[in-house]
Amino acid sequence: MQEVVPIAAKALNGGLFVVVFALIGEIAVPKRFAGLFSAAPSIAIANLLVIVFAKGSSAAQLEATGMIVGAIALTVACAFGVALVARYRALRGSMLICGLWLVLAEVGYLAVLR
Amino acid sequence: MSEVPLEPGGDNPTIGFDISRLHECGFSDLAVRFGFGAAISIIAALVGLWFSPVAGGMFLAFPAIVPATLTLIEEKDDTEAAVHNTRGAVIGGAGLVAFGVTAAALFARVSAALTLVAATAAWAGVSILIYLAVVAHQQHQQQEANDQ
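Chains as they are written, first to last, in my numbering: chain A, 1 to 114; chain B, 1 to 148.
Hints are supplied without guarantee of correctness; some may be wrong.
Claimed, not checked - Listed next, the stretches of chain B that the computed footprint assigns to chain A, with coverage defined by at least 3 CB atoms under 8 Å from CB atoms of chain A: (1) 3-10; (2) 121-132; (3) 139-147.
To be verified - One side only, chain A facing chain B, incomplete, derived with CB under 7 Å: (4) GLN2; (5) GLY14; (6) SER57; (7) LEU62; (8) THR75; (9) CYS78; (10) LEU100; (11) VAL103; (12) LEU110; (13) ALA111.
What the hints assert, rightly or not - Computed footprint of chain B on chain A; a stretch qualifies when at least three of its residues, placed anywhere within it, have a C-beta under 8 Å from a C-beta of chain B: (14) 36-49; (15) 87-94.
In short, the hints are calculated from the structure, not lab data.
As the structure is a prediction and not an experimental result, all values here were calculated from the model.
C-beta: ideal position from N, C-alpha, C; glycine also.
Start from the sequences and build out the full structure, keeping to the hints where you can.
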C-alpha cells in the first residue's frame, strides 16, 4: 500500500514527460529527425526522478543499469521495425516492434542481468 | 503523399522545427500519449516491485510511445512518414543506450540532478551525432551517384 503514492507519481510524471517530448517531436522536421524523439528518455527521466526522491541514488542506479539492456533491445527492435511498419502499416508494425522488444529484452535480461 | 519533409537534403532542412505544426496536435492526440506514458510507467514500477529494480529499469526503454506516435503520424500524413519516423527512432534508441550508460555510471558519483542532466545531454548528443553522420553518409552516396 505504501507503494501506491510513488507509482501514482511515476504515472503522472511519465504521462507529462511523454507529452513534452511528443510536442517537441511534433514540431521537429524532417520526419527522420522527428523520429529521434520517439525514443526520447521521457519515461526514464520521469521515473528516475521519482525513484531518486523516494529511494535514493543507489536504487536509481540499478534501474539505469537495467535500462541499458532495454535501450539496446529498443534500438534493434526499431531497426527491424522499419521494414515491419512499411509492410504491415503503423498499428500492426508498431505492435510487432513492442513484441520484438519484449523478446529481446527478456533474452538480454537472462543473458546479462540475471 | 506526405506534405511534411521526410528526409534531409534538397530543400528540406537537416534539423528544423516548425512551430505551426503545433496547431495540428489536438488534445486527444496528447491525451493518448499521456495515457501510454502513464501506463508504461505503472508497468515498469510493478515489474520493479514484483521481479527486481533491474528488470523494472529495462521497461524505462520500452517502446510504449512508438505505437501512439506512428499511428497518429500515419493518420495525419501517411505510412511512408511513419516509416521515416521509425528510422529516426533507431538512432534515438542508440542515444537511449548512452543515457542509460551515463546514468548508471554517474548516480553513485555525483548528485542525482547532475546525473539526469548529463544523461539527457548524452542522449541528445549521441543521437544528433549519429543522425548527422548518417545524413552526411547518405548525401555523399547521393553525390557519387549523381557524378556517375
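Tested hints:
no. : hint    : in the structure
1   : 3-10    : holds (count 5)
2   : 121-132 : holds (count 4)
3   : 139-147 : violated (count 0)
4   : GLN2    : 11 Å, violated
5   : GLY14   : 3 Å, holds
6   : SER57   : 5 Å, holds
7   : LEU62   : 4 Å, holds
8   : THR75   : 3 Å, holds
9   : CYS78   : 4 Å, holds
10  : LEU100  : 9 Å, violated
11  : VAL103  : 12 Å, violated
12  : LEU110  : 11 Å, violated
13  : ALA111  : 12 Å, violated
14  : 36-49   : holds (count 14)
15  : 87-94   : holds (count 5)
Figure legend: structure checked against the earlier numbered hints; hints not met, in rising order: 3, 4, 10, 11, 12, 13.
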